[in-house]
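Novice: Each chain, letter by letter, is given below.
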Amino acid sequence: MRVLAAMSGGVDSAVAAARMVAQGHDVTGVHLALSKNPESYRSGARGCCSLEDSHDARRVADKLDIPFYVWDFAQEFHRDVVEDFVAEYAAGRTPNPCLRCNEKIKFAAVLERGMKLGFDAVATGHYARLERRADGRVTLHRAADAAKDQSYVLGMLNQEQLAHCLFPLNDVEKPVVRQEARELGLGVAKKPDSHDICFIPDGDTQGFLGKHLGEQRGSIVDAEGAVLGEHRGHHRYTVGQRKGLDLKVPAPAGNPRYVLRIEPKSNTVVVGSREELAVRELRAIRPTWTLDPVPGPWRGEAQFRAHGTPMAAEIEVVGEELLVRFDEAASGVAPGQTVVTYDGDRVVGSAVIAEARGCG
Amino acid sequence: MSEHGVYFDHAATSQLRPEAAEALRAALAVAGNPSALHRAGQRARARLEEAREELAAAIDADPSEVIFTSGGSEADSIAVLGGRRARGGRLLVSAVEHPAVLGARDRGAELIPVTDAGLVDVDAAAEMLQDDVAVVSVMWVNNETGIVQPVEELRRLAQASGAWFHTDAVQALGHVPLSFRGSGVDMLSLSAHKVGGPVGIGALVARREVRPAPVGLGGGQEREVRSGTGMVALAASFAAAATVATGELATESARLGAFGDRIAEALRALGATVNSHAAPHAPHIVNATFPGTRADDLLFLLDQRGVYASVGSACRAGVHQPSEVLLAMGRSEAEASSTLRFSMGWTTTAGDVERLLAVLEETVPLAQSAFR
Numbered sequence: 085m086r087v088l089a090a091m092s093g094g095v096d097s098a099v100a101a102a103r104m105v106a107q108g109h110d111v112t113g114v115h116l117a118l119s120k121n122p123e124s125y126r127s128g129a130r131g132c133c134s135l136e137d138s139h140d141a142r143r144v145a146d147k148l149d150i151p152f153y154v155w156d157f158a159q160e161f162h163r164d165v166v167e168d169f170v171a172e173y174a175a176g177r178t179p180n181p182c183l184r185c186n187e188k189i190k191f192a193a194v195l196e197r198g199m200k201l202g203f204d205a206v207a208t209g210h211y212a213r214l215e216r217r218a219d220g221r222v223t224l225h226r227a228a229d230a231a232k233d234q235s236y237v238l239g240m241l242n243q244e245q246l247a248h249c250l251f252p253l254n255d256v257e258k259p260v261v262r263q264e265a266r267e268l269g270l271g272v273a274k275k276p277d278s279h280d281i282c283f284i285p286d287g288d289t290q291g292f293l294g295k296h297l298g299e300q301r302g303s304i305v306d307a308e309g310a311v312l313g314e315h316r317g318h319h320r321y322t323v324g325q326r327k328g329l330d331l332k333v334p335a336p337a338g339n340p341r342y343v344l345r346i347e348p349k350s351n352t353v354v355v356g357s358r359e360e361l362a363v364r365e366l367r368a369i370r371p372t373w374t375l376d377p378v379p380g381p382w383r384g385e386a387q388f389r390a391h392g393t394p395m396a397a398e399i400e401v402v403g404e405e406l407l408v409r410f411d412e413a414a415s416g417v418a419p420g421q422t423v424v425t426y427d428g429d430r431v432v433g434s435a436v437i438a439e440a441r442g443c444g
Numbered sequence: 279m280s281e282h283g284v285y286f287d288h289a290a291t292s293q294l295r296p297e298a299a300e301a302l303r304a305a306l307a308v309a310g311n312p313s314a315l316h317r318a319g320q321r322a323r324a325r326l327e328e329a330r331e332e333l334a335a336a337i338d339a340d341p342s343e344v345i346f347t348s349g350g351s352e353a354d355s356i357a358v359l360g361g362r363r364a365r366g367g368r369l370l371v372s373a374v375e376h377p378a379v380l381g382a383r384d385r386g387a388e389l390i391p392v393t394d395a396g397l398v399d400v401d402a403a404a405e406m407l408q409d410d411v412a413v414v415s416v417m418w419v420n421n422e423t424g425i426v427q428p429v430e431e432l433r434r435l436a437q438a439s440g441a442w443f444h445t446d447a448v449q450a451l452g453h454v455p456l457s458f459r460g461s462g463v464d465m466l467s468l469s470a471h472k473v474g475g476p477v478g479i480g481a482l483v484a485r486r487e488v489r490p491a492p493v494g495l496g497g498g499q500e501r502e503v504r505s506g507t508g509m510v511a512l513a514a515s516f517a518a519a520a521t522v523a524t525g526e527l528a529t530e531s532a533r534l535g536a537f538g539d540r541i542a543e544a545l546r547a548l549g550a551t552v553n554s555h556a557a558p559h560a561p562h563i564v565n566a567t568f569p570g571t572r573a574d575d576l577l578f579l580l581d582q583r584g585v586y587a588s589v590g591s592a593c594r595a596g597v598h599q600p601s602e603v604l605l606a607m608g609r610s611e612a613e614a615s616s617t618l619r620f621s622m623g624w625t626t627t628a629g630d631v632e633r634l635l636a637v638l639e640e641t642v643p644l645a646q647s648a649f650r
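Same order as they appear, the protein sequences are chains A and B.
For the first sequence, the numbering used here puts the final residue at 444, and the numbers step up evenly by one.
For the second sequence, the numbering used here puts the final residue at 650, and the numbers step up evenly by one.
Read the hints as simulated data drawn from the structure, not as lab findings.
Warning: the hint list may mix true and false statements.
What the hints assert, rightly or not - From chain B, some residues computed to sit far from chain A (all C-beta separations above 10 Å): (1) Arg434; (2) Asp574; (3) Gly596.
As the list claims (entries may be wrong) - Calculated from the model, a selection of chain A residues having no Cβ within reach of chain B, i.e. all distances over 12 Å: (4) Ala171; (5) Pro181; (6) Glu196; (7) His296; (8) Glu299; (9) Ala337; (10) Asn339; (11) Asn351; (12) Arg358.
Unchecked claim - Label pairs and their calculated CB-CB ranges: (13) B/Gly386 to A/Gly392: 54 to 60 Å; (14) A/His162 to B/Asp340: 53 to 59 Å; (15) A/Asp110 to B/Arg321: 49 to 55 Å; (16) B/Gly608 to A/Arg221: 48 to 54 Å; (17) A/His296 to B/Thr393: 40 to 46 Å; (18) A/His162 to B/Gly629: 42 to 48 Å; (19) A/His162 to B/Thr393: 29 to 35 Å; (20) A/Asp110 to B/Pro341: 52 to 58 Å; (21) A/Gly271 to B/Pro341: 46 to 52 Å; (22) B/Glu388 to A/Gly271: 44 to 50 Å; (23) B/Gly494 to A/Lys147: 41 to 47 Å.
Even glycine gets a Cβ: it sits at the ideal position worked out from N, Cα and C.
Here chain A stands alone, though its shape is the one from the complex:
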């Protein structure tokens, strides 16, 4: 097979590419340049945008003796990921930019360009497992290494995309990946994992948003609308947040208060008790399916954060939306997050959370 190996410069994608070569595929490495000015995003450290990363990826390709190219997706990345990230926060939602990048860049623009240039598949270093069924269709599953499982950030892939994906790290645990990298003499064997959002290298998301959205003072209120304090921009808060509220009015009985929701139109942050944070049901839009749509209702699990705990739920399509009813109350569910649904370890589909409802 002619395989396009997406190489970020990290150890996972390096070993994924190496495994493809070892399996006898005709492999070409490609590094995605996601910033017009790499230094502005990150310098001297790690992440998907730095010059060092492109250099590291190139040296791995040299070692594997495969052709290597840098593809410039800076414009698309800025428009579809960075600007979207800022706009989502401005609208009072909590986006996941890595998921967005997978959806719009890696498994859309890159995959499409690769296919048109004659490749059969794109291989990445994601920890997830694909199964090819007897009827030729492909299913997406959690990785063997539960701690590293990344099926959540791939949850929005459809059948057509999955059919052209390869995840060579499906069956391994992280230490094995590093061991393989060492054995191959790859310089990235010891390179630390990246955790931050790649376009916010210092990890200061609030600072980044503040720079883009400015300071807009507003009120912090309780569910009844009583003003409890002031804030410098609703984008500084996420649902479930407890620290940094700096409220002037103490809560009854000294119970801690949490951010319940954000109302961007009135620039208001609503806070309340832990009990009020509980979510029983959520409504999500733009459902996607790894195989065929499942109207339901069916029983499965729902996950709404990259490393969140899967929650047992009843899932159903209502109109054009997905309705998820949790067996037990969930907390910290925010509009803008993606909910990914699982049947056992198999990913069924995804949708973007529009509204979370309490016990009601």
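Knowing the structure of chain A, use the given hints to seat chain B on it.
Specialist: Below, chain B alone, put in the same frame as chain A:
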């Protein structure tokens, strides 16, 4: 197809000529620092001066006018920055210069615009030229488009206003008739590896009375302008390559020119706009815009098939930037990002040309379909 593939990137670097390889090998055996006073030094100095004389003869200059440098970029830097420092005054460079000259824009150089055809605008230059200009620098042959600039006219204008005139002749050497004396220019830059010499050496050819200030520190071994231990073997090899390249000029320029015309015609049939052939041009470069493609995709598809071409413009972190030369010629960013350069040299064969055209016929439609 040789081990180098079907190589259409001679303007980036050419293959080392056998004569240059032999001269390099032989001269590497010469021990001694040419600045040393002992016999070993004297022998090294003798070989270096032989090379200087040989190169001077190849370009019709006086040996004393040849200043060896590490390459074309250093020669350009000395000419524009050192030239301005020596004289004081304004610096005018064309908008389509190589980065080694164009970079002076960040140090106050003013840009002379070019026409849509890629020719430096002589009228605009005349208006910009007052008696306060230190140096004017306009390249002889553009490295991306292959277009031959109106150097003679510009040289006259510049010198009439009292400025020094420098020309980057890196892409001219071995491809168009070049006489330093005949050109009348004050300074001229050359590079060895573009004509089948080794990478790592070039020359600034400067008239005796033209004394640019040094831009680097050191012993001033090369006419008090350029420092560093005399590069005996590299100079010998450079001279050998230049001698062969200029000696074969008439036959080679006819041969490569015919190839170029054939390629240009075939590219037009594929729907491309041939930028190089819309103005007087050097025989070895064909520059063409392929509408509805990404140059990177086309390069990749060619590369996969063993055909090596180039976009000709600068690359940052492995990403090609839209050609500044084409932007300066009034082309859109899309056009500047869908332009390729095919450059030929002494190893290019008719078979290479046919292979290139066959591969382009196959890949241009693929690149068009990959472009959203």
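Novice: Does each hint hold? Answer for all of them.
Specialist: Now for the hints, and whether the structure bears them out:
1. Arg434: Fine: 42 Å to the nearest Cβ keeps arginine 434 of chain B off the interface.
2. Asp574: 7 Å, violated
3. Gly596: 3 Å, violated
4. Ala171: Fine: 23 Å to the nearest Cβ keeps alanine 171 of chain A off the interface.
5. Pro181: Holds, since 21 Å exceeds 12 Å.
6. Glu196: Since the minimum Cβ distance to chain B is about 7 Å, glutamate 196 of chain A lies within 12 Å and the statement is violated.
7. His296: The claim stands: histidine 296 of chain A keeps its Cβ more than 12 Å from every Cβ of chain B (closest is about 24 Å).
8. Glu299: At roughly 34 Å from the nearest Cβ of chain B, glutamate 299 of chain A sits farther out than 12 Å, so the non-interface label holds.
9. Ala337: Holds, since 58 Å exceeds 12 Å.
10. Asn339: 52 Å, holds
11. Asn351: Non-interface label on asparagine 351 of chain A holds, nearest chain B Cβ at 38 Å vs cutoff 12 Å.
12. Arg358: Given that every Cβ of chain B is farther than 12 Å from that of arginine 358 of chain A, nearest at about 48 Å, it holds.
13. B/Gly386 to A/Gly392: 54 to 60 Å: 57 Å, holds
14. A/His162 to B/Asp340: 53 to 59 Å: 55 Å, holds
15. A/Asp110 to B/Arg321: 49 to 55 Å: Hint holds: Cβ distance 54 Å, inside 49 to 55 Å.
16. B/Gly608 to A/Arg221: 48 to 54 Å: 52 Å, holds
17. A/His296 to B/Thr393: 40 to 46 Å: 42 Å, holds
18. A/His162 to B/Gly629: 42 to 48 Å: Hint holds: Cβ distance 45 Å, inside 42 to 48 Å.
19. A/His162 to B/Thr393: 29 to 35 Å: Given about 34 Å between the Cβ atoms, the range holds.
20. A/Asp110 to B/Pro341: 52 to 58 Å: 54 Å, holds
21. A/Gly271 to B/Pro341: 46 to 52 Å: 48 Å, holds
22. B/Glu388 to A/Gly271: 44 to 50 Å: 45 Å, holds
23. B/Gly494 to A/Lys147: 41 to 47 Å: Once the Cβ atoms are compared, 36 Å apart, the range 41 to 47 Å for lysine 147 of chain A and glycine 494 of chain B is violated.
Of the numbered hints listed earlier, those contradicted by the structure are 2, 3, 6, 23.
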